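Novice: Listed below, chain by chain, are the residues.
Protein chains: 2
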Amino acid sequence: MQTDHNRIFVESIKRLLRRGAYSHLNKIVNKTHAADLAAVFPSLTVDQQQKLFEMIGEIEQKGALFSELDEDAFLELIEVLEFDEIVRVLESMPTDDAADIIGRLPEEKSQAILEKMQAAESEEIEDLLRYEDDTAGGIMVPDFIALREDVTAREAIESLQKEHLDVEMPFYLYVVDEYGKLVGVSSLRQLVVVPPDTPLKEFMTTDVFSVQTDMDQEEVAKIVARYDILAVPVVDQTNRLVGIVTVDDVIDILRKEATEDILKMAGAGEEFIETKSVLKSTRIRLPWLFASCIGGLLASVIIGHFQTSLSKLAYLAAFIPVIMGMGGNIGIQSSTVVVRGLATGRLHIKDIWSSMYKEISIGFILGAFYGLLVGSVAQLRYGREMLALSVGLAVVCSMTLAALSGSLMPMFFARINIDPAVATGPFVTTAIDIISVFFYFVIATSLLGL
Amino acid sequence: MQTDHNRIFVESIKRLLRRGAYSHLNKIVNKTHAADLAAVFPSLTVDQQQKLFEMIGEIEQKGALFSELDEDAFLELIEVLEFDEIVRVLESMPTDDAADIIGRLPEEKSQAILEKMQAAESEEIEDLLRYEDDTAGGIMVPDFIALREDVTAREAIESLQKEHLDVEMPFYLYVVDEYGKLVGVSSLRQLVVVPPDTPLKEFMTTDVFSVQTDMDQEEVAKIVARYDILAVPVVDQTNRLVGIVTVDDVIDILRKEATEDILKMAGAGEEFIETKSVLKSTRIRLPWLFASCIGGLLASVIIGHFQTSLSKLAYLAAFIPVIMGMGGNIGIQSSTVVVRGLATGRLHIKDIWSSMYKEISIGFILGAFYGLLVGSVAQLRYGREMLALSVGLAVVCSMTLAALSGSLMPMFFARINIDPAVATGPFVTTAIDIISVFFYFVIATSLLGL
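From first to last, the protein sequence lines stand for chains C and E. Read in order, the letters of the first sequence are residues 378 to 827 in the working numbering. Read in order, the letters of the second sequence are residues 378 to 827 in the working numbering.
FYI, nobody ran anything at the bench for these hints, they're computed from the structure. Just so you know, not all the hints are guaranteed correct.
All copies of an identical chain are treated as equivalent in the list; a pair is satisfied when it fits inside any one copy or across any two copies.
BS3-like mimics (lysine-lysine), calculated; alpha carbons at most 30 Å apart, straight line [to be verified]:
#	residue 1	residue 2
1	Lys493	Lys404
2	Lys657	Lys408
3	Lys657	Lys391
4	Lys657	Lys539
5	Lys391	Lys404
6	Lys727	Lys633
7	Lys657	Lys558
8	Lys391	Lys727
9	Lys493	Lys578
Just so it is clear, the structure is predicted and the values come from calculations on it, not from any experiment.
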């Protein structure tokens, strides 16, 4: 639905541009949400982008567009904009968004922009740029409402009317002591409900969740999601309030991390690459396939080792795919459950033994079921009991060991602090290929006396 | 971090329960967030759960605990609670959460509870239960602030002080006409900033996003995420305001959908099953493996067909795993990129041709690279040019066709309205197994003249 709507929107923008219907376009551009406008830009030529951009009346809307554009689209657009215009737009943006954008620019360009910007604004941005990108400090907004605890509800409301007009999330009022340390929180809601002369300290909540600047952004997102809050205050190591992380940024983080996890498990890079070029996608995927190539070649060495048995009983080869396939698929099931469990916090590395025990049991039960099935098919087809038994046992072995390694490997990687999503994909399938082929031939040659 | 903290918390609760340190426990229970308390419950016996539950002083805290508990844990707990107590707690809860819980209970029990509840409350709940679970109507809260457009800022603030005290998201004030139809939105922030005598219609925003009760919850979540809003109003077919969906529920939906997509692609069910029993997990995974079993058996039929060639040249079998593995892995990469692209709205079924073209190109380039590599290894090992050439060409074929089917299948399933995540996993790997083996043997037997 959403995407259909976008497509129609892109088509009409393009048509209006072709027709030169600028006054009509002007109206549309200034009535459209920046997120929707940003979705159109990648489908336009740079000239067309520049035309649309110049039509935007409010500078805040231009800033919102900067934030909403993909990195590639943004870098393309600013090439054709005037330097002074870029600086003006950045100055009008919320500090965290401006810092994000400047952090992505080439060193040279970002320095030039920071020098040109108003001192106060550029200092705040440089402060933000000191924090790692994916920490609470890197994603926080330095604009928030902080008041002292003896301020009354009326005074607080007055201060909202005079200052703090550009605060992004004006629903929480943070209460700080004389050193700027966080001591409580209140809400705009409470301000209008209590008698006007009540000081903040009498109705503020002192039990306030906060995070430190160096906390990983995923942890921050989990806290906001877990406690259903709209913003979480960020403090430095001395508990001084330095910013807030808002729920809209948390949503972006959660979605991005989920996509990253999915892509990493498949060995298809970290960021969504469908929009990237063929060569870029190829480069990203190439190394992940290397593990499976090595695994496959090792399996070929193992099979080569049993060459004499194979030439005596050629149809032994016929069951290689089903044994590898069954092992591979249950291995992916197990590793996916464990990787996602670790990512969402439902599983922990300390659960390693119970999780292993469970996966081995599941692998063995399913292995017994499918081993019987595949073994029976082998018996019906070739009528050799020992071959059927070998195939059946190989399926049991392969599936049990695949479930085991599928659950063990992500736990192992998490333990040595390697992202389990990125490491698991190629390793699990490679390991299973080798294990499956090895056990199949060992079992078959001994049972069949080859 | 978070999980470590939980574990320590569970241990100390258990220790205090064993010691019978009830006054200490009492303090802890009443100072802990319901989300954290809920995380402890599954590790306790039902008796211990009951003891902790009785210690909770505020009835709202009991309600919050009900909401935070997993379905299984909740059903276990209410078995030991008194019926009247359950009804009292449900009455104190936000209507959407109470409706969620009642909707999950067995028919008999839910009827008894609804009859016992206060009429107004139970009517609201029955209204909510009419909507499908996964639509805007099913997840909305029926408590919101709706005012008429001639109400002034001062009157609006007064009404906040007297009524609307239990509204979950008091940051937006919706403006409705005499028929209850949504005409605008304002914020608590604006109320305190404008002169007190200004009527709402002079400062409200008339450009308000809204969704209809039957919109799918994923679409609702995408809108809230896209436009960075804290709540979206829900209207019926006549544009009458009937509820709002808040950002905290949106976060839960986005996380759940991401987990579901990941698990479905791996054929490991829809819900997170790590916490479920071995037998339950086994039952969920069994059918997904069936596709790969059939695929493997079909591959064995194909190989059986080339049995004579195999007995002449046994080491032909040695390269089956690497050819299948390379195809399987690139197929998973392609299908993952497409499935996730469709889910996040970055790809659309109409992009089918451009996406196919891209994937074939990537598959061919990577296939050429790895085909050369694997072919060279084959040449070094066996010193037969035609074997090396066959293996190399089979890798190119397998990887190109795998990338093609990996991108085509999810698109195809999306087109016929079958969830691509659920259908793609087993089908892609099965198709690739068969394709890889078939092309390998066709190429090898013709090149080697077997």
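Novice: What hints, given by number in increasing order, does this structure fail?
Specialist: Checked against the structure, the hints that fail are numbers 1, 2, 4, 7 and 9, while the rest are satisfied.
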